[in-house]
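Engineer: What follows is each chain in one-letter form.
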Amino acid sequence: AQSVTQLDSHVSVSEGTPVLLRCNYSSSYSPSLFWYVQHPNKGLQLLLKYTSAATLVKGINGFEAEFKKSETSFHLTKPSAHMSDAAEYFCVVGAGTALIFGKGTTLSVSS
Amino acid sequence: ETGVTQTPRHLVMGMTNKKSLKCEQHLGHNAMYWYKQSAKKPLELMFVYSLEERVENNSVPSRFSPECPNSSHLFLHLHTLQPEDSALYLCASSQDLNTYEQYFGPGTRLTVT
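In order, the protein sequence lines correspond to chains A and B. Numbering-wise, this note's numbering puts 28 at position 3 of the first sequence, and it's gapless, one number per residue. Numbering-wise, this note's numbering puts 6 at position 4 of the second sequence, and it's gapless, one number per residue.
The reader is advised that the hints may include incorrect statements.
Claimed, not checked - Listed below are several chain B residues computed to face chain A (Cβ distance under 7 Å; list not exhaustive):
(1) P44
(2) L45
(3) M48
(4) E58
(5) V62
(6) Y102
(7) G107
(8) G109
Simulated from the structure, these hints should not be mistaken for laboratory data. By construction, the Cβ of each residue, glycine as well, lies at the ideal position given by its N, Cα and C atoms.
Construct the entire structure; sequences and hints are all you get.
Structural biologist: Structure below.
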């Protein structure tokens, strides 16, 4: 069965420093993996997706993620955090007709 | 309007009330979904519709009743809810069931008193 585990429930960074949000996946076949972001009182927005093409995936707002099969990881990174990046981030794996969501990581950005 | 819209954005209802949540997608998609987002829990998929036919019902209590009159509209009818049903209800759509990329609405914040 497919599943994802987000290793940190909360990450705090200073503005201008790098962001790393960690996600490990479990899948019996080549997975489709996604990162979604949810700002307060908003719906979820797709940041980026991996569907067995390039292992380094670039998304919106300067985010990117690297698919590492040997480590079963799909960590989300950004070189320099901005105040507007403060939000909830979800790692997601496709499974059948559904998406399986991780529990989420809250990113806080301080000035 | 573009994307996926949901109304109302906030709803407070008593346990004996009947209310409905509405979702509309303007993307020409063929699949629509209802999710429940509770505090400290992962998103839970409730229902999946493809071309107006329900294809998945994830053991959701019968007090939640979905309706999909056409491929652009999705409703969630609510009756005799419990306080633990208070949550954010999110609607999403995708091109079809084979496309994992889903577009979400802003959600309806439901409080059951």
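Engineer: Each hint needs a verdict: does it hold in this structure or not?
Structural biologist: Verification of the supplied hints:
1. A least Cβ separation of about 5 Å between P44(B) and chain A falls short of the 7 Å threshold, and the interface hint therefore holds.
2. With 7 Å as the threshold, the beta carbon of L45(B) comes within range of chain A, its nearest partner Cβ sitting at about 4 Å, so the hint holds.
3. For M48(B), the shortest C-beta to C-beta distance to chain A is roughly 11 Å, which exceeds 7 Å, and the interface hint is violated.
4. Annotation: E58(B) was flagged as interfacial toward chain A, and the flag holds, the nearest CB pair being 6 Å apart, inside 7 Å.
5. Nearest Cβ of chain A to the Cβ of V62(B): about 13 Å, over the 7 Å cut. The hint is violated.
6. Evaluation of the Y102(B) hint against chain A yields a held restraint, the C-beta minimum of about 4 Å falling below 7 Å.
7. Hint status for G107(B): holds, given a least beta-carbon distance of 5 Å to chain A, under 7 Å.
8. Here the hint on G109(B) is kept, as its CB sits about 5 Å from the closest CB of chain A, short of 7 Å.
Taken one by one, the earlier hints fail for this structure at numbers 3 and 5, listed in ascending order.
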